[in-house]
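Given chain D, work out where chain S should sit, using these hints.
Number of protein chains: 2
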Amino acid sequence: MRRAVVTMLSLRAARAFLRPAVRAPLRRSVQVWSATESPQQQKPKKKKQQQKKQQKVQKGAATQASDSICSASEDFSQWYSDVIRQADMVDSSPVKGCMVIKPWGMAVWDGLKDSLDKKIKKSGAQNAYFPLLIPRSFLSKEAEHVDGFAKECAVVTHHRLKGDENGLIPDPDAELDEPLIIRPTSETIIWHMFQKWISSHRDLPLKINQWANVVRWEMRTRPFLRSSEFLWQEGHTAHATSAEAIATAEEMLDVYADVVENVLAVPVVKGKKSAIERFAGADETYTIEALMPNGWALQSGTSHFLGQNFARAFDVYYQNKEAKRDLVWATSWGVSTRLLGALVMTHSDDAGLVLPPRIAPVQVALVPIVKGAEKDPEGTQTVMSLVDKVVDECEALGLRVKVDDRENMRPGAKYFEWERKGAPLRLEVGPRDAASNVMVVASRLGGEKQTIAVDEVPSYLKQRLDEMQAKLFADASQRLSDRTIDIDTYEDMKTRIANEDLGFFRVYWKADDANEKAIKEDCAATIRCYPLDAQGDLEGKTCFYSGEPATHVALFARAF
Amino acid sequence: MRRAVVTMLSLRAARAFLRPAVRAPLRRSVQVWSATESPQQQKPKKKKQQQKKQQKVQKGAATQASDSICSASEDFSQWYSDVIRQADMVDSSPVKGCMVIKPWGMAVWDGLKDSLDKKIKKSGAQNAYFPLLIPRSFLSKEAEHVDGFAKECAVVTHHRLKGDENGLIPDPDAELDEPLIIRPTSETIIWHMFQKWISSHRDLPLKINQWANVVRWEMRTRPFLRSSEFLWQEGHTAHATSAEAIATAEEMLDVYADVVENVLAVPVVKGKKSAIERFAGADETYTIEALMPNGWALQSGTSHFLGQNFARAFDVYYQNKEAKRDLVWATSWGVSTRLLGALVMTHSDDAGLVLPPRIAPVQVALVPIVKGAEKDPEGTQTVMSLVDKVVDECEALGLRVKVDDRENMRPGAKYFEWERKGAPLRLEVGPRDAASNVMVVASRLGGEKQTIAVDEVPSYLKQRLDEMQAKLFADASQRLSDRTIDIDTYEDMKTRIANEDLGFFRVYWKADDANEKAIKEDCAATIRCYPLDAQGDLEGKTCFYSGEPATHVALFARAF
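Those protein sequences? They're chains D and S, same order as listed.
Just so you know, we're using UniProt numbering here: the first sequence kicks off at 1 and counts up by one.
Just so you know, we're using UniProt numbering here: the second sequence kicks off at 1 and counts up by one.
Simulated from the structure, these hints should not be mistaken for laboratory data.
Be a bit skeptical, because a hint or two may be false.
Since copy identity is lost for identical chains, a pair holds within one copy or between any two.
Derived DSBU-like pairs (lysine-lysine); straight-line CA-CA distance at most 35 Å [claimed, not checked]: (1) K151 with K162; (2) K375 with K121; (3) K375 with K270; (4) K494 with K371; (5) K375 with K324; (6) K462 with K122; (7) K517 with K321; (8) K471 with K121; (9) K389 with K118; (10) K462 with K119; (11) K389 with K517; (12) K371 with K462; (13) K121 with K402; (14) K371 with K389; (15) K371 with K118; (16) K119 with K494; (17) K162 with K520; (18) K196 with K462; (19) K449 with K122; (20) K113 with K96; (21) K207 with K324; (22) K449 with K494; (23) K541 with K520; (24) K389 with K119; (25) K207 with K389; (26) K324 with K517; (27) K196 with K96.
Bound conformation, chain D alone (with noise of 0.2 Å):
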């Protein structure tokens, strides 16, 4: 239990994280933190020597001042934008809130996309695409729901352009008779659609999935985290039964927590919202929630049980078994591009972006250390042939290698912008290496070179890569157990918030909205789940802030 050890942002520094535009003045000397190394390994001594590497390299590269990336233990805000800038994987766009996710971030997300799309067939939803655009009076239909969302949401009031003297205006003339709204969601528009599909218990259950993009406006915006247009996908279905909706709600919730564990490596706890978090219109909804490096909770993804809500609202009946007509039930589930930001935070560190090898567009970088094939045409062609059939091999073993034989760029600055970029290892070899048929092994997770024999090179990589996933789930588990501090009184806590000493806050708790809110105001943590693992015998516990009997075992923390 080394948790004093671990360094937690400032609290100015973590607040300033939703506030872009302010810059913490106060930059303290910290001890460095680092999400890819244990404590133990923080050794002055190396430490020191990999900056010293660290500069030499940047040297190489020809850095320009734009180049550098903030220490996280400075300035976590900083830091996560440079991250995200450096390893190219996000622009910002010239609309507000709205963001350009370039090609390495894309990669990523169709990665993600990828293996979450396999699973969510496997659970037996079928993918469908419904309309962007959704009539305004939908939204009003379920009551909950559009106090969730109208306040905001993108209107369409207009169908054309025209040119006026001050250029392109509206057209009075091609004003909608019915506004149309960007979807927020899609559980209106999707249940207008399932009255009609949906007669007969034979048409259930019916589980419908769709990838798209949607639009919440919002006000501070960070890329990934939080946007104005985000993507994700968002699963409906439709069921006989409430027990069935239940199962199917947690099961999803199962199929989340799977992927984020075992592909981006992100450790989560699995719970349910209190009734003030739940989202708008649902009966009970489910979250998955991160830990940040910085103590901060991320809601990582959310399965809803939306009862019969929404089949009230759309008037959506079946004919059961027995002949009698009945109200569906229903659910839906969603995980956004916010889990990106997830991936990032988790494991990147000081050099840049880490990627866990599962999630990596690229593997391995191959770098050829070559003079090309007019300077040194011997050496140029023994490396490229051993290239190619490491490359070969290693594609057999089904590893991503992408060899980076990009001219005019000197193997350093190659190597500065793979580790920025967070390919899980690289490999180098020139003539020299060649002539001795070995190539060297670096680990973006620092460590010394490894110098191996070329018919070994692809068991070599793939067992790497195979540690070093389970090596970045582990240290991000130990913090996210070493951050979970069980908390006796109200006291206790506020006073841990007010010393930066964040994480989850597990306590006793008596439900109760009115207490929520006031804690909220008071110290700005909310209850971020009632973890599924910990509702145990409550007989005899008393809320840590009301002292009344305790109904739920929460999870307290400040949260993006």
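Below, chain S without anything else, positioned relative to chain D:
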């Protein structure tokens, strides 16, 4: 050259195609047209048998009136609607001009997307994602572009709804300073970003692709063929030289033709657009044009050489190798869910959808004919163990097999459903077949059922699928060739159009915008393209319309 034998649809029916609300009142008795059988095969006796069988199957499936498919020869428009509805590809939505793509349609699109995405990546383009919403001012920056799209775009003017006595209204306090439009295409926002990303020749070529939804407000819509929202990919590239940009535009046209011909089995003509048919903002538009069975052309994909127009509009310069500043050259290229319309029309028949094996989500529908484990444990066991064995072996060969083991549904109803959904092959196996170690294979294209020894089933299926893919392409190619007609005089073309004798009319042509518009006005034919492979020696050739010296060989046609 059997073109006289192929009966073309009435012009009246064809016209009605673009006016979904208006059904052709005149129904005449004409030869039944089948997309998948050559006229020779249409022997009266066989047809009668088929009809009888069809009636029988329909009875078994407890069909309703709405289950019927109109004959293509009677009303092509209605036939198309019936086929896509009965195949469960698409449904109409409550949002004007927007469709719901149901799982079967989505699976076809996802399959096409996978094939095309691989080839796009192979061309060197990388996927990225740009905002859905585009500032109004961006649209105006390229003069022709704004003319092309301002008149049909969805305009977002508010970011919040609020309740008043009449329900929800756009909140006047949440009006945007500058309206945003939903992307009709993304040249403007992408070139805004390219301005940030390109500064040196080392940044070029830059090749980006995006899979996205777009909105172009349409008044007359048809699922897949023309809808206000549709799914597509849009590639955008930037180059140092004009020649390289042109080569890329041509390369991507080849990629499209390859996928459309070899995966969808839809033959196309590659060509260039006339000046007035070009994309708004392009210097040259390349196109692939397909010919539908009703004799109408369908533009199936376009690739644009944009010159320096967008670079100029968005100020995108690069420093060339001589350290001089120069404008960048551009291309863009896209195909959309419209291709699904081409796919459906090209191969389907009056029994429903026909899918070429390479795009079919289910290539083989396997229907076990069993009474269930309770009524016939032994027979069911024998059949199902054979089924498992064959499925495993087929999957090892890369075939997509779906076991249709739905209970409470008779085999005939299943056959009927898979026929309508266009699964290329069907396998049937009952206890007696299993006892003899055989299965029965039926083809979506008709003909005798074949009884095949179980051990030979997988390789037999593979071979039949290959043959079917080839046959569908060959039949459609024959039709394209038959219906490509050399025309010498305008009167000849006009008479043919009046006589409903439609197709590609190949003519010598002198490029002239006014004449082109006059022809469109007069007989509704447009220049589909100047075929790339037909622009040979024009010496001494004269325009079929003006009599002036010809500048091109052009294909005229009625078009969707």
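- prompt: Which numbered hints are broken by the structure, listed smallest first?
  reply: 3, 4, 7, 11, 16, 18, 22, 26
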